[in-house]
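S.K.: Model the full assembly from the supplied sequences, consistent with the hints where possible.
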Amino acid sequence: LLSHKIVESGFYSGNKFKTVIEAQLEARPTTTAPCSLLNIHNQYCFAAGEDQQNTQQQEVAWISLVIRSNQYHDNVSIDGVRYGSTPIEVMLPAGKHLVVIEKEGYRTFRQEIDISSDHTLRAMLHEQANELKAGDKFADTLKNNQQAPEMITLVAGQYLLGENIARQIHLDHAFALSATPVTVEQFKSFTQQTGYQTDAELQNICLAVNETAVAPISGSHWQKPGFSQTAQSPVVCVSQNDANAYTRWLSQQTGFKYRLPTEDEWEVAARAGSKMDYWWGNHFSAGQANTGWAGTPWSNKSTSPVRAFAANPLGFYDMVGNVWQWTNDPRGVVKGGAWSFSPDMAKAYSQLFVAPSAAANYVGFRILREL
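What the sequence shown shows, in my numbering, is residues -12 to 358, in sequence order.
Just so you know, not all the hints are guaranteed correct.
Under the rule of at most 30 Å between Cα atoms (straight-line distance), these lysine-lysine pairs were calculated in the DSSO-like manner [as the list claims (entries may be wrong)]:
#	residue 1	residue 2
1	K130	K120
2	K120	K211
3	K262	K334
Read the hints as simulated data drawn from the structure, not as lab findings.
M.R.: Shown next, in the form of structure tokens:
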């Protein structure tokens, strides 16, 4: 606004007021306007030199920059100035410029460009990798489109294990462990598809606890363990060899590496961060898990269906009691306690040794998937 004067001012029509102002204005278009408004080639555009004392104008070439990306609703900034979402076309002076494109859930695209002629920049935004957290759940798909056992993730880190948490380990890898022991239904799918026969079926013997002694029961196997089971009961009367065979089949079915857990991997999952004997504390109360002499409908009688008792904070069921579970230790280490053993045997650090080729109606397994 260079100057102005009031030409007319006053009321009219009774209660309305009007002012007419005569003004002299000067337009100051942005430095990018000449090229666009005059429709002339960029090389003939110019801007005033920065030295105000220099009356001679300095020529500046203006360049058309088109920016496209593979995503909608992104945010483009050039040299710190926001221009909205792609696709965009802007006029910039020749030279170097920093282009930044951002979108939530995607890695930021950042590129310095040096332009001397009209240019199109095509940006690829890539999704950010999901950060793995302990307790995430998933299930792979078998070739027949059925689901593999539900898995729960655990992450690398420092863990305290053992009696009185006297042992610190560094776990250098993440992994996933099945939420429950492998069930009768899941193991049946394996045997039906492969025709696999377990060690107990071939030897016609499965071990059982008879009062206070362990004795072989002739004619027993995973389908006939000496007590009734449902499809959701943990499979028993399977040897370490049988458990390994199941993991190999699952690996072949899914394309991912399955195996039995190490003793440390199993205990990390069982504790779920707890420093106590059991994930809930140091004391075992009646009805908290299916162990011997625990006051449950199954104690000293049979396995219970998986998920019959509360899960630990990470979502794992039956880490205390129900069935001992194979680890990959070639010595035959099993963990977790069982329906026919005292609660003291179900502490997170407790272990039992069973011959890898032996099968017992108090031993099952859960599986690990490498990540």
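S.K.: Given the hinted pair K120 and K211, is their Cα-Cα distance within 30 Å?
M.R.: Not OK: K120 and K211 at ~40 Å, beyond 30 Å, violated.
S.K.: So if I understand the rule, the pair passes when the alpha-carbon distance is 30 Å or less; does K262 with K334 pass?
M.R.: This hinted pair holds, its Cα atoms lying about 11 Å apart.
S.K.: Checking one constraint from the list: CA of K130 to CA of K120, max 30 Å. Satisfied?
M.R.: Distance of about 28 Å is within 30 Å: holds.
Going down the numbered hints, you'll see the structure goes against just number 2.
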